[in-house]
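Colleague: What follows is each chain in one-letter form.
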Amino acid sequence: MGINGSRLRARATWLALCALGSGIASAQEVQGGGAATGAAVPKSISVSQSRLDGAAKDSANYLHSNGSYAQTRYHAASQINKGNVAKLKPAFVFQTEVVESMETAPIVVDGIMYLTTSYNHIYAVDAKTGKEFWHYKHKQGPVTTYCCGPNNRGVAIMGDRVYMGTLDAKLLALDAKTGKVLWSQQIDDPEKGYSETMAPVAVNGKILIGTNGGEYGIRGFVKAYDANDGKLLWTFYTIPDKGHEGVWAVNDATNRNMLRDINAEKAQLQSGGGDFYKTLGGGVWMAPAVDKETNTVFFVVGNPSPDLYGKERPGDNLYTDSIVAVDLNTGEKKWHYQYVAHDVWDLDAVSPVILTEAKDKSGKMRKVAVHGGKTGHVYVHDRATGELIRFSEAMVPQENMWVLPTQSGARMLPGANGGVEWSPMAFNPKTRLVYAANLHQPMTYHVEEAKYPGGKLWLGGAFKVIPSEKQWGRLAAVNVDTGKLAWKVDTEQPLIGGVLATAGDLVFNGEGNGYFRAFDAATGKKLWEFQCGAGVNAPAVTYMVGGKQYVAVAAGGNTQLDFKRGNSVFVFALP
Amino acid sequence: MRTIPRWICALCALLAALAAPAQTAPPKAALCVACHGSNGNATIAVNPSLAGQTARYLYLQLRDFQEDRRSDPQMTPIAKDLTRDEMRALADYFAAQKPAPQPFKADPAKAKLGKAKADETLCTMCHLGGFAGQNEIPRVAGQNYDYVVKQLRDFKDKRRTNDAGNMTSVSRTLSDADMENLGHFLAGL
Numbered sequence: 211m212g213i214n215g216s217r218l219r220a221r222a223t224w225l226a227l228c229a230l231g232s233g234i235a236s237a238q239e240v241q242g243g244g245a246a247t248g249a250a251v252p253k254s255i256s257v258s259q260s261r262l263d264g265a266a267k268d269s270a271n272y273l274h275s276n277g278s279y280a281q282t283r284y285h286a287a288s289q290i291n292k293g294n295v296a297k298l299k300p301a302f303v304f305q306t307e308v309v310e311s312m313e314t315a316p317i318v319v320d321g322i323m324y325l326t327t328s329y330n331h332i333y334a335v336d337a338k339t340g341k342e343f344w345h346y347k348h349k350q351g352p353v354t355t356y357c358c359g360p361n362n363r364g365v366a367i368m369g370d371r372v373y374m375g376t377l378d379a380k381l382l383a384l385d386a387k388t389g390k391v392l393w394s395q396q397i398d399d400p401e402k403g404y405s406e407t408m409a410p411v412a413v414n415g416k417i418l419i420g421t422n423g424g425e426y427g428i429r430g431f432v433k434a435y436d437a438n439d440g441k442l443l444w445t446f447y448t449i450p451d452k453g454h455e456g457v458w459a460v461n462d463a464t465n466r467n468m469l470r471d472i473n474a475e476k477a478q479l480q481s482g483g484g485d486f487y488k489t490l491g492g493g494v495w496m497a498p499a500v501d502k503e504t505n506t507v508f509f510v511v512g513n514p515s516p517d518l519y520g521k522e523r524p525g526d527n528l529y530t531d532s533i534v535a536v537d538l539n540t541g542e543k544k545w546h547y548q549y550v551a552h553d554v555w556d557l558d559a560v561s562p563v564i565l566t567e568a569k570d571k572s573g574k575m576r577k578v579a580v581h582g583g584k585t586g587h588v589y590v591h592d593r594a595t596g597e598l599i600r601f602s603e604a605m606v607p608q609e610n611m612w613v614l615p616t617q618s619g620a621r622m623l624p625g626a627n628g629g630v631e632w633s634p635m636a637f638n639p640k641t642r643l644v645y646a647a648n649l650h651q652p653m654t655y656h657v658e659e660a661k662y663p664g665g666k667l668w669l670g671g672a673f674k675v676i677p678s679e680k681q682w683g684r685l686a687a688v689n690v691d692t693g694k695l696a697w698k699v700d701t702e703q704p705l706i707g708g709v710l711a712t713a714g715d716l717v718f719n720g721e722g723n724g725y726f727r728a729f730d731a732a733t734g735k736k737l738w739e740f741q742c743g744a745g746v747n748a749p750a751v752t753y754m755v756g757g758k759q760y761v762a763v764a765a766g767g768n769t770q771l772d773f774k775r776g777n778s779v780f781v782f783a784l785p
Numbered sequence: 003m004r005t006i007p008r009w010i011c012a013l014c015a016l017l018a019a020l021a022a023p024a025q026t027a028p029p030k031a032a033l034c035v036a037c038h039g040s041n042g043n044a045t046i047a048v049n050p051s052l053a054g055q056t057a058r059y060l061y062l063q064l065r066d067f068q069e070d071r072r073s074d075p076q077m078t079p080i081a082k083d084l085t086r087d088e089m090r091a092l093a094d095y096f097a098a099q100k101p102a103p104q105p106f107k108a109d110p111a112k113a114k115l116g117k118a119k120a121d122e123t124l125c126t127m128c129h130l131g132g133f134a135g136q137n138e139i140p141r142v143a144g145q146n147y148d149y150v151v152k153q154l155r156d157f158k159d160k161r162r163t164n165d166a167g168n169m170t171s172v173s174r175t176l177s178d179a180d181m182e183n184l185g186h187f188l189a190g191l
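As you go down the protein sequences, you meet chains A and B in turn.
Just so we're aligned, residue 211 is where the first sequence starts under this note's numbering, counting upward by one.
Just so we're aligned, residue 3 is where the second sequence starts under this note's numbering, counting upward by one.
Read the hints as simulated data drawn from the structure, not as lab findings.
Remember, predicted model here, so these are calculated numbers, not experimental data.
Some hints here could point you the wrong way.
[As the list claims (entries may be wrong)] For each label pair, taking beta carbons as the anchor points, the in silico distance ranges come out as: (1) B:Lys160 - A:Glu609: 29 to 39 Å; (2) B:Thr175 - A:Lys488: 29 to 39 Å; (3) B:Lys114 - A:Ser394: 48 to 58 Å; (4) B:Ser73 - A:His546: 34 to 44 Å; (5) A:Ile472 - B:Lys100: 55 to 65 Å; (6) B:Lys82 - A:Gly482: 25 to 35 Å.
[Said to hold, decoys possible] Chain B is nowhere near these chain A residues, computed Cβ spacing over 12 Å in every case: (7) Asn473; (8) Gly482; (9) Lys502; (10) Ala604; (11) Asp730.
The C-beta atom is built at its ideal place from N, Cα and C for all residues, glycine as well.
One chain only, chain B, in its complex shape (with noise of 0.2 Å):
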């Protein structure tokens, strides 16, 4: 049966694939933690957090930097100097981490305006429900505020359009108070 041994070796190399990412972190990782934390869990609020944010995600903004799709003093030369190669390396790595406990305390009656806010505005047929993310759509369940608050405003704004303005569609009926309620409801998730 030739069948037989085919079948055992492709289910090693996938279970081999699988398992890679998570255990190594990848030479160029050293550059990304001390702005987004070990294991990507960024301490530093105005820093997204990259533990558990999809691969497809952290791929495509890693390009878009690259390319001054996305613009930011600190990510754009970093971006700059990454192959390909290394992007989708860095991106499974950090998809691959676990997230951590979100130590921002939400408000919790802003975080109802903000949840409130989400249904009307339809976010989780992008984002998924729970807001884990899918593809090119980020997770942002349990992301920083300070981040959360900021991108939003920068979409709004046409600040950051490297999503070709679906967000900004999106936002522009966001007032900053909404803004601010849905970063206390997406942290807290």
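Isolated chain A, as found in the complex (with noise of 0.2 Å):
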């Protein structure tokens, strides 16, 4: 339904496309010098901590890439409503220069807005009138590595700048009025496979950003640079340089049995030695929530490399496919559980973490940090320890789990997409539910052994989509307290993107065939859809200015699902 043969055929071994990402020399890459042009933005901006600190109570802005510090995407905003909602209609369109994926998420301040393009485009844009302001094109240095699109999901902002992360592996820190460039910092080797999509988190004087890199071999962190002069301040490295071999797990967080010889692994371990934890991968490409009170930083971290060939890197592969708490002022970890032990599927953990309250099994409320899977279930753990409280029931089909790749292809659900993708879920205090974006995709896994080819491509195998299975969307709503699917939407494509929850009892979602949607928060219901003509494959945001409420969302397709290609960002409102 809706997918067409030569679309799925397009779509057949889609990741070890992935590599055709890199490095294109498209026009948006080469033009530009650094600096901003257009006009400065007339007024003066500055985002004191506390008021990102306020972000989730503040139903003016939208602050971070997330929402809050917490990213549940839930926003205090309730003008537009369950009640009002089928009334809503296009305020204005934003049409940037760059064709090609959008994934970002806007930041929205005092009325700017500030969005950003696939190859690291940024405009300062005036959130009512959609009148562009400033508009800055980063300038690539001459090789980027990535997978899955050139993407980009926005920028953060404290005081008056705003910072993004580059495909060529760059921290950048521009003048929020201006765009003018203030300092560029280099985070690691493009060469090597790193690269940079993430929005990055600001937070105390400090920027938070990962890496991107999992399908090429890096090793994983998370880094925080001094917010003034982009001095690295601390790193956290997601593989550790003795001891990844972890505990040898038999079962995965649901007790699943992962199907592991683990006597051949301990061999290979003993002979080859633990040195590959130097390309051992485990990327963290999605914004870290970040616990005030304790000066915690929480993120999820992604696959091993290579992704499917498993042999050469023996054990439970700590700390891929894993939630992972760190200090917020040193960098040192705290704790982390591991979902999946030595991932052959790069079934990994992506979607960022969300900080709330849920109920354990006694019916006690504790401080929880909540994950959402490419497994298909949502992860309920103890913000303080990691123990993990609760899965949810499965969100999508699971067969056939956890068979072993093998050369011609071993067929199991979920395919490697999840599950939720890197799709931010996003949460509502009231209903107690918490909205993933789920695909259906199922897929062989094919292995092939691989050495490590130096910063390209590296996965070891392939992943191929079912030509003849159709693929699916679902909207899922879970109880955070009993794990329990609430309701669910199905949709004609597999969803990609995110999910914006509102005090209006509202949900919002796109889709890749354009439609952009609001929902009923408690039962499901679709009350609102506008067809945006490009897939909707971005999270929304919501802010108010001059008294009035604005939802926004980019429409620019997705390059790794291969929805329809857009340039605008859609702003809606109340007529």
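Please assemble the complex out of the two chains, which come individually in their own frames, going by the hints.
Modeller: Structure (structure tokens):
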């Protein structure tokens, strides 16, 4: 339904094609010299730490890519609500000059919107009228290496600056008023597969950022930089140099046997040694959550490298496929919890962590950290210890878990995109529901021996979609206190892009076929939809200017799933 | 208006950058032409033509020869002495050269079988429509027959592994006849 044969064919072995994004010498990449063009923002921009701390209660602004440090993507504005959302109309459409995958979460402060595009352009725009102020185009270095599209998920804002990570693995600080680059810091070597697509997080004078590169044999990390001058403050490596073999876990987080040959792995570690930690992957490519009360940073870590060939990386491959808590001031690890040890399916942990409260098994409210997995489960952890309080029922079909990949291909559900891909979830504290954008893409998993290829795509096999099997998406609402599905809405196309929840009892989500929709937060009833003309594969945001609420979402399509490309941010309001 | 001069400067710099590689051969290019032909069109058919190849691919292959992920008695020692900047300059230069018509006379019947096998194997998903290549995936349209067949055999037999096994996986199901047919098809493009 909606996915024709040629499309499916074009999607087969998509991950093997991820390399195709690397280093495309497009017009967008070579133009510009690092300075913004256009006009300065006609007001001064200043975002204090207390405003950033209070973002969850701020109904006028949208100050973090995921709404707040807790990343609930639940916004306090309620002028647009389930009673009137049916009347929602476009207020303006902002067209960028880059027609390519859009994953940006626009930041809105005092009526000014900062949005990004593929290839690291930033636009500063009047959030009420769509009038463009400045436009910054990043000039990429000679080599960029990234899978899955030249994406960018947005800026972070703090003080009078915005911060962006780039495809050539730099972190930039720009003047929010003029777009002038104030400093630029090389995070790591793009030739070795490091790149940036995530929105950084700005907190307490620091900029937190991780890295892409799990398909290229990087050694993952989260780093903290001084927001003032770009000086590196600390690095947490997601792959420890010692002890990455872990506890030789037999079962996954849901107590299913992962069919590891642990004796063979131990023998391999004995004979081959543990030096492979240098290329073991473990990217962190979505924004971390921050608990200011305990000065703790929470994030999930991606897959080990190579994705499918595990023989030469024996052990649990810590801290890949894990949720990790580190100290905000030092980067020192507090705890970790691994979902899938020694992953050979790329069913890693990506969707950003949400901080909230949930009932434990005895009914007591506890502070929790929540993650939606590619596995199709929502995992609820104690925020202080990492203890897994519960995992939800599966949101999408699971079959044949954990069959090992073979040369000719082994079928297992979910496919390697999930479940929940990078798409941020949203949580509504009133309904107690977390809303997750899911995919159903049946795949076969193929393994092939593969030596480290020096920063080139390193899968150790292939993922292939099964052309005869239908693909679809599912917006699922899961109760964090029980782990039960409250409702689900199935969609024609696999969902990627993320969710927004609002105090108007609404949930907003887009689809690759161009539809952007609003649902009743309690029931999942569709209340409104609008056809944007290109894939809506970015998380929506909302804000108020002059007492009027707006909802903004990018419609730029998606490289990874080949949804129709566009170049626009649509902004909606009540008439 | 401060923005206009800056814009013109950026444009001039861009045009200069685009024009430069095609015009002047970098000094180290003299090392290449004996085997790869003047302007990168190799007349010794077991060697690849470099003209029109993607810069990204050429650069990565030089780096792989240097770091022993790909090995060849001629190429390895040459690459060992190149700096990264020299590699980039060579890659940009040969990428900007025009591919000459292929002297190899492809057998139409074999080329037809080769095309059918290419379609079945989904080659263009990585090598792109027209086999023009992109990024780290090489252009193979119009490439020398002997070179193409040798590479396919080397991938299949794991003598060449610097693509991390993607082509090994693909060539696993190719017979000798398939490889030869593909060689005819690609040389004729």
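Colleague: Going through the earlier hints one by one, which of them does the structure break, listed in rising order?
Modeller: Going through the list in order, the structure violates no hint and respects every one.
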